[in-house]
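Trainee: Chains as they are written, first to last, in this note's numbering: chain A, 1 to 305; chain B, 1 to 305.
One or more of the hints may lead you astray.
Heads up, the list lumps identical chains together, so a pair's fine if it works in one copy or across two of them.
Claimed, not checked - In silico SDA-like cross-links for lysine to any residue, where the CA-CA straight-line distance does not exceed 20 Å:
hint, residue 1, residue 2
1, K112, R12
2, K153, A48
3, K181, G238
4, K272, V186
5, K181, T69
6, K153, N50
7, K113, T11
8, K220, D209
9, K49, E152
Just so you know, these hints were derived from the structure itself, not from any lab.
Number of protein chains: 2
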Amino acid sequence: MKSRQSASGRTRLGEVGEDVLLASLLRELPASRKFIGDDCAVVDFRGAKNLLVLKTDCVVEGIHFRASTDPALVGWKAMMRPLSDFAAISAVPQFALITLIVPSARSTLWVKKLYRGLRRAASRFDVTIVGGETSATRGPAVISVSVSGFVEKNRWISRAGGKTGDDLFVTGRLGGSLRGKHLRFVPRIDESRWLTRNVRVRAMMDLSDGLGADLPRLAKASRVGFQIGRSKLPLAAGAEIDNAISDGEDYELLFAISPPDRDRLKKAWRKKFPKLPLTRIGKFVSQSAIRDPQLKRGYVHFQQP
Amino acid sequence: MKSRQSASGRTRLGEVGEDVLLASLLRELPASRKFIGDDCAVVDFRGAKNLLVLKTDCVVEGIHFRASTDPALVGWKAMMRPLSDFAAISAVPQFALITLIVPSARSTLWVKKLYRGLRRAASRFDVTIVGGETSATRGPAVISVSVSGFVEKNRWISRAGGKTGDDLFVTGRLGGSLRGKHLRFVPRIDESRWLTRNVRVRAMMDLSDGLGADLPRLAKASRVGFQIGRSKLPLAAGAEIDNAISDGEDYELLFAISPPDRDRLKKAWRKKFPKLPLTRIGKFVSQSAIRDPQLKRGYVHFQQP
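Please work from the sequences and hints to get the whole structure.
Mentor: Structure (structure tokens):
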């Protein structure tokens with residue numbers, strides 16, 4: 001990892017990776033560092049009692065979807081990805097701006113279907129599409145969606161509040177998203193808002209890169225280690241444990257609560273969301289506990305499945 | 001024009017054009033129509049006394065810049081384009097989110113220079129870059145910048161408030177932007193904020209597609225016609241009248257004021273912005289006046305230079 005970070009100017013992006021690149025760019029942004037690193041930007045808006053929440057995301061043809069993918073599903077995914085980041089911090093999305101970058105040879109029907117998917121996804125969460133920008137391109141289609149909304153100061157959940165001993169929960173089932181879920185998922189906004197109204201959530205994020213990549217980020221932000229029961233992971237139909245850890249694009253919630261809240265949460269959840277599993281997959285442990293050989297093995301195994 | 005609008009599903013985008021496509025997509029968005037059509041989206045933010053202003057824009061390699069363009073200038077332009085839309089409505093930009101879509105083979109040095117340009121442009125107007133997203137692509141680089149900020153309810157200027165008889169002014173000099181200005185321009189935010197503090201501006205926009213395309217939009221939004229003195233247009237060094245009308249990417253302000261304010265404006269402007277020309281280029285006239293043969297000829301000539 002060290003050598004990848006000391007990227008000289010001649011390094012190609014493909015050799016570096018997104019996390020390292022972003023980290024390197026953001027290091028040069030001292031004034032704004034405090035807003036970044038979590039799923040959304042959360043800022044004060046002049047004279048407002050709630051916090052302003054901002055998030056942008058994009059899907060690129062050939063990377064996030066295929067030329068043959070139903071454009072309505074592409075639109076759905078393009079809108080739902082940033083909305084999942086709102087779920088991650090228990091924020092309410094309100095307004096979306098859309099940038100469509102589409103080759104001139106593409107049919108208007110394709111664009112209309114794409115837009116229908118964007119609109120359907122937005123209206124699922126009462127998000128209003130307030131603006132659009134289009135551009136031609138000589139390359140693949142790109143759809144960038146930028147969402148703004150709010151979160152109450154006392155309900156904003158970051159990744160950083162986890163404590164040693166906290167229980168770790170995930171919603172839904174993990175793995176195998178590429179078989180279809182990644183194009184049809186519903187961000188856990190309702191669940192996330194319910195959680196912060198009913199339980200003291202200490203740290204939370206959405207699972208976009210897979211538990212194996214995302215859980216270490218949550219633990220790092222909270223300055224704790226973690227211990228996971230691999231056999232406890234809730235698996236999507238047809239998925240193996242390694243799929244649940246590595247596939248990514250689950251768009252489920254991963255969150256930490258204090259153990260005394262555990263039973264009350266489980267009971268209330270079953271009543272409120274009877275169709276959506278909520279699974280305790282493990283707990284936060286002190287960072288020094290990682291030196292314990294068994295945990296360390298577990299951690300390493302987890303990291304490199 | 002009619003046939004282009006009745007685009008069937010098999011029409012290719014290249015045959016339609018951005019205005020027509022956007023209009024067609026937005027027609028399907030009844031709930032949000034009221035926010036769109038002007039330069040930015042302007043919305044109420046829960047419990048805030050100011051309006052929330054949102055704008056996204058993008059630059060695409062091969063369309064808005066060349067592969068050989070200095071990436072620092074590409075970054076400057078990518079940030080300044082949406083900021084010019086803030087100038088258009090007299091809003092104050094505050095936060096920017098950046099989406100970088102870059103081929104993996106691109107050097108990290110290129111990306112760093114690009115980011116330096118983005119940062120330099122943002123800091124010129126105290127805009128904080130609060131988040132970023134990167135993606136790989138198999139096509140040309142795309143930089144999408146999404147900006148949020150505010151405008152006071154009593155200072156928001158739309159395109160729609162112009163009246164018959166209003167004087168029309170432009171800032172700066174028009175034409176020939178592709179010789180360099182399009183990569184180095186400074187949006188007229190300071191000027192626009194000064195204007196709404198000191199004059200009753202009735203309608204305003206920024207000139208991005210050229211006076212010949214943009215002035216008719218301003219007039220249409222205000223439901224008036226216009227009369228322009230071609231010989232009065234302030235020309236950039238080396239530019240002809242047709243350049244001032246058609247080149248585009250001027251990023252100057254075009255605005256309408258009531259004639260009694262004219263002399264006071266000119267005098268105060270010269271004192272405040274001694275280096276930046278302010279030129280009265282013509283006036284709004286009643287729409288019916290367009291039936292006047294002379295004006296009509298002027299209008300047609302103006303539209304199809």
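Trainee: Does each hint hold? Answer for all of them.
Mentor: Quick rundown of the hints versus the structure:
In this assembly of identical chains, K112 and R12 lie within 20 Å of each other by CA distance solely across copies; the values are 12 Å between and 36 Å within a copy. Taking the shortest Cα distances, K153 and A48 sit within 20 Å of each other both inside one copy (11 Å) and across copies (14 Å). When the C-alpha separation of K181 and G238 is checked against a cutoff of 20 Å, the pair qualifies only within one copy, where the shortest distance is 13 Å, while the shortest distance between copies is 57 Å. Only within a single protomer do K272 and V186 lie at most 20 Å apart by alpha-carbon distance; the minimum there is 17 Å, versus 53 Å between protomers.
Proximity of K181 and T69 under a CA criterion of 20 Å is satisfied intra-copy only: 13 Å inside one chain copy versus 40 Å between copies. Taking identical chains as interchangeable, the C-alpha atoms of K153 and N50 lie at most 20 Å apart whether they share a chain (6 Å) or sit on different chains (19 Å). When the C-alpha separation of K113 and T11 is checked against a cutoff of 20 Å, the pair qualifies only between copies, where the shortest distance is 14 Å, while the shortest distance within a copy is 39 Å. Taking the closest pair of Cα atoms, K220 and D209 come within 20 Å of each other only inside a single copy of the chain (16 Å); across copies the shortest separation is 48 Å, beyond that limit.
In this assembly of identical chains, K49 and E152 lie within 20 Å of each other by CA distance both inside one copy and across copies; the values are 8 Å within and 17 Å between.
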